[in-house]
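Enquirer: Below are the chains, spelled out letter by letter.
There are 2 protein chains.
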Amino acid sequence: MSTILRRAAGLLSAVGLMALATTGALAQNKVVIGVSIPAATHGWTGGVVYHAQQAEKEIEAAFPHIDVVVKTSPSATAQVSALEDLTAGQNLDALVILPFTSEELTGPVEQVKAGGTFIAVVDRGLTDPTIQDLYVAGDNIAVGANTAKWLTEKLGNQGKVVVLRGIPTVIDDERIQGFSDVIAETDIEILDIQYANWNQDQAFTLMQDYLAKYPHIDAVWANDDDMLLGVLEAVKESGRTEIKYALGGNGMKEVIEMVKAEDPVTPISTPYPPSMIKAAIYMTAAQFNGQAPMRGNFKLDAPLITPENADQFYFPDSPF
Amino acid sequence: MSTILRRAAGLLSAVGLMALATTGALAQNKVVIGVSIPAATHGWTGGVVYHAQQAEKEIEAAFPHIDVVVKTSPSATAQVSALEDLTAGQNLDALVILPFTSEELTGPVEQVKAGGTFIAVVDRGLTDPTIQDLYVAGDNIAVGANTAKWLTEKLGNQGKVVVLRGIPTVIDDERIQGFSDVIAETDIEILDIQYANWNQDQAFTLMQDYLAKYPHIDAVWANDDDMLLGVLEAVKESGRTEIKYALGGNGMKEVIEMVKAEDPVTPISTPYPPSMIKAAIYMTAAQFNGQAPMRGNFKLDAPLITPENADQFYFPDSPF
Numbered sequence: 001m002s003t004i005l006r007r008a009a010g011l012l013s014a015v016g017l018m019a020l021a022t023t024g025a026l027a028q029n030k031v032v033i034g035v036s037i038p039a040a041t042h043g044w045t046g047g048v049v050y051h052a053q054q055a056e057k058e059i060e061a062a063f064p065h066i067d068v069v070v071k072t073s074p075s076a077t078a079q080v081s082a083l084e085d086l087t088a089g090q091n092l093d094a095l096v097i098l099p100f101t102s103e104e105l106t107g108p109v110e111q112v113k114a115g116g117t118f119i120a121v122v123d124r125g126l127t128d129p130t131i132q133d134l135y136v137a138g139d140n141i142a143v144g145a146n147t148a149k150w151l152t153e154k155l156g157n158q159g160k161v162v163v164l165r166g167i168p169t170v171i172d173d174e175r176i177q178g179f180s181d182v183i184a185e186t187d188i189e190i191l192d193i194q195y196a197n198w199n200q201d202q203a204f205t206l207m208q209d210y211l212a213k214y215p216h217i218d219a220v221w222a223n224d225d226d227m228l229l230g231v232l233e234a235v236k237e238s239g240r241t242e243i244k245y246a247l248g249g250n251g252m253k254e255v256i257e258m259v260k261a262e263d264p265v266t267p268i269s270t271p272y273p274p275s276m277i278k279a280a281i282y283m284t285a286a287q288f289n290g291q292a293p294m295r296g297n298f299k300l301d302a303p304l305i306t307p308e309n310a311d312q313f314y315f316p317d318s319p320f
Numbered sequence: 321m322s323t324i325l326r327r328a329a330g331l332l333s334a335v336g337l338m339a340l341a342t343t344g345a346l347a348q349n350k351v352v353i354g355v356s357i358p359a360a361t362h363g364w365t366g367g368v369v370y371h372a373q374q375a376e377k378e379i380e381a382a383f384p385h386i387d388v389v390v391k392t393s394p395s396a397t398a399q400v401s402a403l404e405d406l407t408a409g410q411n412l413d414a415l416v417i418l419p420f421t422s423e424e425l426t427g428p429v430e431q432v433k434a435g436g437t438f439i440a441v442v443d444r445g446l447t448d449p450t451i452q453d454l455y456v457a458g459d460n461i462a463v464g465a466n467t468a469k470w471l472t473e474k475l476g477n478q479g480k481v482v483v484l485r486g487i488p489t490v491i492d493d494e495r496i497q498g499f500s501d502v503i504a505e506t507d508i509e510i511l512d513i514q515y516a517n518w519n520q521d522q523a524f525t526l527m528q529d530y531l532a533k534y535p536h537i538d539a540v541w542a543n544d545d546d547m548l549l550g551v552l553e554a555v556k557e558s559g560r561t562e563i564k565y566a567l568g569g570n571g572m573k574e575v576i577e578m579v580k581a582e583d584p585v586t587p588i589s590t591p592y593p594p595s596m597i598k599a600a601i602y603m604t605a606a607q608f609n610g611q612a613p614m615r616g617n618f619k620l621d622a623p624l625i626t627p628e629n630a631d632q633f634y635f636p637d638s639p640f
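Chains as they are written, first to last, in the working numbering: chain Y, 1 to 320; chain A, 321 to 640.
Hints are not guaranteed to be accurate.
[Stated by the list, open to error] Some but not every residue of chain Y turned toward chain A, in silico, with C-beta under 8 Å:
id : residue
1  : A55
2  : F204
3  : A279
4  : M283
5  : R295
[Claimed, not checked] Here are some of the chain A residues that sit facing chain Y, going by a computed Cβ distance under 7 Å:
id : residue
6  : F383
7  : P593
8  : S595
9  : K598
10 : A599
11 : A612
12 : P623
[Said to hold, decoys possible] Calculated pairs, DSSO-like style, for lysine-lysine (alpha carbon to alpha carbon, straight line, at most 27 Å):
id : chain 1 : residue 1 : chain 2 : residue 2
13 : A       : K377      : Y       : K113
14 : Y       : K149      : A       : K573
15 : A       : K469      : Y       : K30
16 : A       : K480      : A       : K556
17 : A       : K580      : Y       : K260
18 : Y       : K113      : A       : K580
In case anyone wonders, no lab produced these hints; they're calculated from the structure. Ideal placement from N, C-alpha and C gives every residue a C-beta, glycine not left out.
In isolation and in its complexed conformation, chain Y is listed as follows (with noise of 0.2 Å):
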């Protein structure tokens, strides 16, 4: 929430130019973006939390004459009940929302856009998507593409890896899409493949049974790195030590920190970051401060982050 009456406060102890500068600017009425996101339930959406918040206070401090209001919610009934208190009393410029569902979300937000506010999507797209001004969303397909094509160099175009799957969705049906395309044109075979739910114990369940089942594994895909870490704790109980790659996705905030290490296991991560949020306010801001055009779809590529480029992605206060 914005914080006038600190700004108010400090106006009264600067003098000059500036201070008449702001004055003018506090005087005019408000833009007021909303962001409506799911609570911090997990890793991923506890750094979405993170990112939405850190943006508030950014903008705020470049845009004076913009207002981000952040409301989090547990459920997809709550996230429509906050849909409800932003539109209340007050005539809200710009929505930017990651849906819990895009099932149940997608009647309250065309309700929202019918008063005129700018709609921005995130990450899960509404069932209509007419209703969205602006759509941001990662790339699963990349995720598991770019992984696979940077093993599959790594590797000599030849060995045995071992795959896991998250929750049976779109998501992981498509990142695994990704990745088995790119591997299906190699020598490398895949031995084996199940679900682990996104779950680090589960994925410590599952490498376990992997490491009993295959005498010799070159690389381990783990497809999150939630999973990596149960991953690497099997591997690392085991002893083995023929296992030269352990890769995971998302660019978990540990997962970077042993890229940023150059870790020999895992040199590399790709992005799904929980960041697009922050990405989406920004680009609704420019939309209300500089009238730059930003309805459109807004894809975000997965590029390898390596330890040169780690600290791009590397927030050492996000939770994630």
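Dock chain A against chain Y, hints included.
Expert: Just chain A now, kept in the frame of chain Y:
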């Protein structure tokens, strides 16, 4: 170009907390965003120059540690030299470029990227897209398709229309394809479709031909607002009154003014906005101010510009 001296002078007359805070920012190393664009050789590029210069002012005001440097070039060769100037003697953190031609600029931009510079490309993609960290482009198929959908509804799914093409390019092909594919599903007849090279005078002459050839025309689609002005002049001189709609595309200032005035013959336009350069500059600034993830592809929609929303697309001080 940054006006460090002017700012420093302003600071001398400002005391208190804000002055201290800003002095701190000035002491940091500046992030430099170079912007390379064609010179204002015609209406649309005139708009590009205007919006790049506006973005420079707005970004430098919002983010004191970011310096935006805009260079305009009258030719592809000159643009290659401009890239050398931008990278000579300074660490260029980012380059935002609208290339004259894809062929001539791809190699030089690749060289800039080799120095670690973030590359944002606008409108005309490079021949090797992997050089582009961010690509921002309009949607020419939507320009044609959205115009055709509106026209179909207004004409009650029937009638006779004439169409003017631009310069034979992918851009023109896509606009015509978007329009034709929608019209093919209706009972509307396209009487004729000829090139007028996005030129107002040639459009005037071609429309005179159409008027002489066809005794009844329900609507004209000029594909571009420059050509639309020529069409409107020819219709006016002819005294013909059966033409219900004459539509263009791009969102030229003079045409937005017609839309705002609820002109009965030209009540809409569709944007292919030169301000897309501004979108790319804001997004690049967000990458560096807040580590917001801005690598990817941003495809702008071409929503209908109507009397209700025309203000959002209107820049009274822009030449376009």
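Enquirer: Now look at each hint and say whether the structure bears it out.
Expert: Hints, one by one, checked against the model:
1. Because the beta carbon of A55 (chain Y) sits about 6 Å from the nearest beta carbon in chain A, less than 8 Å, this interface hint is met.
2. Taking 8 Å as the C-beta cut-off, the interface hint given for F204 (chain Y) is violated, the closest approach to chain A being about 30 Å.
3. Taking 8 Å as the C-beta cut-off, the interface hint given for A279 (chain Y) holds, the closest approach to chain A being about 5 Å.
4. Below 8 Å, beta-carbon pairs count as interface contacts, and M283 (chain Y) has one with chain A at about 7 Å; its hint therefore holds.
5. Satisfaction of the interface hint for R295 (chain Y) is found here, the shortest Cβ-Cβ separation to chain A being roughly 5 Å, below the 8 Å cut-off.
6. The interface hint given for F383 (chain A) is met, as the beta carbon of that residue sits about 6 Å from the closest beta carbon of chain Y, less than 7 Å.
7. Interface hint at P593 (chain A): satisfied, since its Cβ lies 5 Å from the closest Cβ of chain Y, which is below the 7 Å cut-off.
8. The beta carbon of S595 (chain A) comes within 5 Å of a beta carbon in chain Y, closer than 7 Å, and the hint placing it at the interface holds.
9. With 7 Å as the threshold, the beta carbon of K598 (chain A) comes within range of chain Y, its nearest partner Cβ sitting at about 4 Å, so the hint holds.
10. The beta carbon of A599 (chain A) is positioned within 7 Å of a beta carbon in chain Y (closest approach about 5 Å), and the interface hint is therefore held.
11. At about 4 Å, the closest approach between the beta carbon of A612 (chain A) and any beta carbon in chain Y falls short of 7 Å, and the interface hint on this residue holds.
12. Taking 7 Å as the C-beta contact cut-off toward chain Y, the hint placing P623 (chain A) at the interface holds, the least distance being around 6 Å.
13. A C-alpha spacing of about 31 Å is found between K377 (chain A) and K113 (chain Y), which places the hinted pair above 27 Å, so the restraint is violated.
14. For the proposed pair K149 (chain Y) and K573 (chain A), the alpha carbon gap of about 47 Å is over 27 Å, so the pair is violated.
15. Of the pairs offered as hints, the one joining K469 (chain A) and K30 (chain Y) is violated, with about 36 Å between alpha carbons and a cut-off of 27 Å exceeded.
16. Straight-line distance between C-alpha atoms of K480 (chain A) and K556 (chain A) comes to about 19 Å, which keeps the hinted pair within the 27 Å bound.
17. Between K580 (chain A) and K260 (chain Y) the CA atoms are separated by roughly 54 Å; this puts the pair beyond 27 Å, and the hint is violated.
18. For the hint pairing K113 (chain Y) with K580 (chain A), the CA-to-CA distance comes to about 22 Å; that is within 27 Å, so the pair holds.
Of the numbered hints listed earlier, those contradicted by the structure are 2, 13, 14, 15 and 17.
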